[in-house]
Amino acid sequence: MPIRKTETQEGTFKTMRNMSFENVLIGWFMQDGWQVFKPVLDDGHQTDVLISDGPNFYRIQVKTFEDKGTYQEVHKDWNYNSIDCVIYFSRNSKFGYVAPAFMEDKRLLEHPEHIRFSGTSNSFIKAFHKLEVKR
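In this text, residue positions in the sequence shown follow our numbering: the first is 1, and each later residue adds one.
Simulated from the structure, these hints should not be mistaken for laboratory data. Glycine included, each C-beta is placed from N, C-alpha and C at the ideal position. Incorrect hints may appear among the rest.
DMTMM-like, lysine to aspartate or glutamate: derived pairs with alpha carbons at most 25 angstroms apart [said to hold, decoys possible]:
1. K134 to E110
2. K76 to E22
3. K130 to D84
4. K126 to E73
5. K94 to E66
6. K126 to D84
7. K106 to D53
8. K68 to E10
9. K106 to D67
10. K126 to E22
11. K5 to D53
12. K14 to D105
13. K63 to D32
14. K94 to E113
15. K134 to D77
16. K134 to E7
17. K126 to E110
18. K63 to E113
19. K5 to D32
20. K68 to D53
21. K94 to E132
22. K126 to E10
23. K14 to D53
24. K126 to D67
25. K94 to E22
26. K94 to E73
27. K106 to D77
28. K130 to E10
29. K106 to D32
30. K14 to E73
31. K68 to D32
32. K38 to E22
Cβ-Cβ distance ranges computed for the label pairs, FRET-style [to be verified]:
33. H129 to R91: 20 to 30 angstroms
34. I3 to H129: 39 to 49 angstroms
35. K5 to D77: 43 to 53 angstroms
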């Protein structure tokens, strides 16, 4: 089996790790029947994944966090109305949250509008279907 013998730089590793969560999400959306689009470059555009059911498009931002227990805050990294929802993945546990885009600068990860899912496609899709997107 090949063994990688080069060291990955810190910034590159962080980008690769975050993109791996985006790729997992893309697979889950495809399993649910969505058309999925990936921007070639999303730096500064705030959309990591774009999905469509045909007539409607939804802009999604993917974020990761280090699970530190309850009462954990997440920060808004987008302009209001530039995305429809954000998907949070825990980097050190197998769960995440589906959340509508919010206006305040920060809020608790356990906010009542956020829907928790375990690290499986079925759990994620059930949570995503419960999400109310504000347009």
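Outcome of the hint check:
no.: 1; hint: K134 to E110; result: holds, 19 angstroms
no.: 2; hint: K76 to E22; result: holds, 18 angstroms
no.: 3; hint: K130 to D84; result: holds, 14 angstroms
no.: 4; hint: K126 to E73; result: holds, 24 angstroms
no.: 5; hint: K94 to E66; result: holds, 11 angstroms
no.: 6; hint: K126 to D84; result: holds, 17 angstroms
no.: 7; hint: K106 to D53; result: violated, 30 angstroms
no.: 8; hint: K68 to E10; result: holds, 22 angstroms
no.: 9; hint: K106 to D67; result: holds, 16 angstroms
no.: 10; hint: K126 to E22; result: holds, 18 angstroms
no.: 11; hint: K5 to D53; result: violated, 43 angstroms
no.: 12; hint: K14 to D105; result: holds, 23 angstroms
no.: 13; hint: K63 to D32; result: holds, 21 angstroms
no.: 14; hint: K94 to E113; result: holds, 20 angstroms
no.: 15; hint: K134 to D77; result: holds, 18 angstroms
no.: 16; hint: K134 to E7; result: violated, 44 angstroms
no.: 17; hint: K126 to E110; result: holds, 17 angstroms
no.: 18; hint: K63 to E113; result: holds, 17 angstroms
no.: 19; hint: K5 to D32; result: violated, 38 angstroms
no.: 20; hint: K68 to D53; result: violated, 35 angstroms
no.: 21; hint: K94 to E132; result: holds, 23 angstroms
no.: 22; hint: K126 to E10; result: violated, 35 angstroms
no.: 23; hint: K14 to D53; result: violated, 31 angstroms
no.: 24; hint: K126 to D67; result: holds, 22 angstroms
no.: 25; hint: K94 to E22; result: holds, 15 angstroms
no.: 26; hint: K94 to E73; result: holds, 18 angstroms
no.: 27; hint: K106 to D77; result: holds, 9 angstroms
no.: 28; hint: K130 to E10; result: violated, 36 angstroms
no.: 29; hint: K106 to D32; result: violated, 30 angstroms
no.: 30; hint: K14 to E73; result: holds, 20 angstroms
no.: 31; hint: K68 to D32; result: violated, 31 angstroms
no.: 32; hint: K38 to E22; result: holds, 9 angstroms
no.: 33; hint: H129 to R91: 20 to 30 angstroms; result: holds, 25 angstroms
no.: 34; hint: I3 to H129: 39 to 49 angstroms; result: holds, 42 angstroms
no.: 35; hint: K5 to D77: 43 to 53 angstroms; result: violated, 35 angstroms
The earlier numbered hints that this structure contradicts are 7, 11, 16, 19, 20, 22, 23, 28, 29, 31 and 35.
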